[in-house]
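Novice: Below are the chains, spelled out letter by letter.
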Amino acid sequence: MAVDFAAIAFRDVSKTFDRGRTLAVRAVSLEVASGEFVAVVGTSGSGKTTLLKTINRLVEPTSGVVEVEGQDVQGIDPFQLRRRIGYVFQGVGLFPHLTVAENIAVTPRLVGWAKTEIDARVGELLDLVQLPRDLARRMPTTLSGGQQQRVGVARALAARPHIVLMDEPFGALDPITRDSLAREYRAVHLELGLTTVMITHDMLEAVLLADRIAVMAKGEIVEVGTPHELLNDPKNEYVRELIDVPRRQASEVERLAGARS
Amino acid sequence: MDARIASAWALLPDYLGQHVLLSVTALAIGLAVGLSLAVIGVWSARLRWLLLTVAGLIQTIPGIALLALFYPLLLALSALTERLFGVKFSALGFLPSLLALALYSILPILRNTVTGILGVDDAVKEAARGVGMTQAQRLFKVELPLAMPVIMAGIRTAAVWVIGTATLSTPIGQTSLGNYIFSGLQTQNWVFVVFGCVAAVVLALVVDQCLALVERGFARRKMWLKLAGAAGLAVVLLASLVVGPSRGVGTYVVGGKPFIEQYILAALMDQRLENAGLQATARGGLGSTVIFDALSAGEIDAYVDYSGTIWTNFMHRRDNASHKQVLADVGAWLKKTRHIEMLGPLGFDNAYALVMRRDQAERLHIRSIADLVPYAAKLSIAGDYEFFARPEWKAMRAAYDINFRRTREMQSTFMYKAVADGEIDVIAGYTSDGQIAQYDLVVLDDPKQALPPYDAVLLISPRRADDAKFRHALAPLIGHISTKMMQQANLAVSRDRNQETPEQAARELWQKIDMK
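Protein chains in written order, with our numbering: chain S, 1035 to 1295; chain A, 352 to 867.
For the record, the hints were derived by calculation from the structure and aren't laboratory data.
All values derive from a computational prediction rather than experimental measurement.
A portion of the hints provided could be inaccurate.
Non-contacting residues of chain A with respect to chain S, defined by C-beta distances greater than 12 Å in every case (computed) [unchecked claim]:
hint, residue
1, Arg434
2, Val471
3, Ala474
4, Val475
5, Ala479
6, Gly481
7, Thr485
8, Gln486
9, Gln488
10, Leu497
11, Leu584
12, Val724
13, Arg756
In silico contact screen, one side only, chain S against chain A (beta carbon under 10 Å); selected entries [claimed, not checked]:
hint, residue
14, Asn1090
15, Gly1186
16, Asp1201
Ideal Cβ positions, reconstructed from N, Cα and C, are used throughout, including at glycine.
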């Protein structure tokens, strides 16, 4: 498919809260190509989640334009827009009164798929996120944190979106689960040819998963680059600090391991 | 089985059926309004504050006052719609009770629904938005189902309140389990009072437990619990409605005020009409002004009032006249201003009168208030809590220039025994009270007519004025009930031993009328 427009484009997007007193996002411009995996990294309060939510109109920008697949989102019905974009939530956000299968089926139901089609899709997605199919009838609260977020990923992918937004998706998980889930998702991203924008405060996670990283501070994007570029030649002092922390930790771990042997 | 228990059982299907019907309808309306308002309250913080405040204020109005307020309100509304659209509706009974109870049930439902929905986890609400649910979809697919246990708790509170408060709808003419309590209190039939309380409590408990099952079903997401609760409610509802108000509301309605004599007279009129082949219902325990307005409006067809009551309370007359004159004036006034027809006096009166022990009266040769004057300075007098503040007391003292050693206020039911025991010398009693006969007391004449006459008069509604069959059925009562007969009937219902129900006393009264 020849694509002559970005999957997602931010053009001079700003967002203020409290009638202009709080500036959450400040003149952000960024294009995310189709099939690209972009991580937005920043501390809490940097405006990264607000920026993410302007993509599916959970937040309306105060000024600037957000485009999805070449179209200004202001011209798209917000409910239709959200249903065609997958969303993995920070707090998992599974519906506690619905079974695993019903949670996964939420968006296909909203867009009116046939029941047989939905059932088949639920099974397919459980396989994709490597959950046993007999989990389908369980309630979310009976699952482990890792299992719950796998269901969250399956729910986001259910209606076959081209774009998936992830808001600190693995933040609440233990390191091992987090690592395996992140790598599995990366594989799914490639396999399905998705465009993914992931919010994280963890530079290491971003470096390991993303094609490109946008670093945000105080509502602005201070630097954008591939992991290679940021690792080797960070232009921004803050970015250098962010990169240095995991690097220093890694070498410390190496040193300790060497000293023992 | 005790006659009173038997008669309580016999009334249960009707009372319970009407009680359930009223409560269920009120709850259904409260539920619909409460849930709708809650949705508005969830969407707008400012309106939420307003709604909860108003609902809270309504809740602070005592149930009986709220019920009583709806009667004149609806009466005025009915008069308005009749003038504007020619449509009239009954302001008595079901409608005012229903509206008051529905209003009462809104608060717990509204408050719990708002709390429940606002309490849904923000992450879940955010997810519902994020997956592309519309506001309505979020409400019905996510927020309401998750808030359901809290909402159900509110519905339970509302149900218990409504079932309890519905007992207070009796004075505005709605049959309910409260009929046992109100008539029992007035006729000193404690079996009825206890029966009514127990029936209302059992009903409230059963409904509450069924709703609790449904609540647990929502909380644990167990369908069978919800179904079990719903089935229990359905059984209660169907059972009370099937065996329930089968008697229905008769074509003719006779009313009565909330005291023994009136219960007996209402029962008597009911029996007369039924015997004449007219379907009739007795509605006892109606408030004094409610019953008069209800007769004017044709919501009841007949009741017995007292000439003095109409003379002072409705005609606002402060002067006194003879029995005959008062009767004539009252009859003419009723016809002219309210189109109510006075069928005639029953033959007895229920007035304030000075009453003494027979032996003391005979010893002092006292037959009238005038005879009493020389001895009064050495005698004590007791009256009910309002007597010494009433115009009758002032008028009597002025007319006879009589002064007693001391005055004492007493609960009216205890006065007669007090005078019989010699604890007090004279009481201001009621002429038709059964205790006058019980203690063989003497009623003093009032030669100067200082105390206004309270002749019992049978009044019929404007719409029955030309109903020959109806008038014919009630006509035998006119002029045929002597004060003595009424005293005995009242005594039969109020005495401690061999107490009769008002229906039994009415039947005996009928036999005596026929013998005349």
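Novice: Going through the earlier hints one by one, which of them does the structure break, listed in rising order?
Specialist: 2, 3, 4, 5, 6, 7, 8, 9, 10
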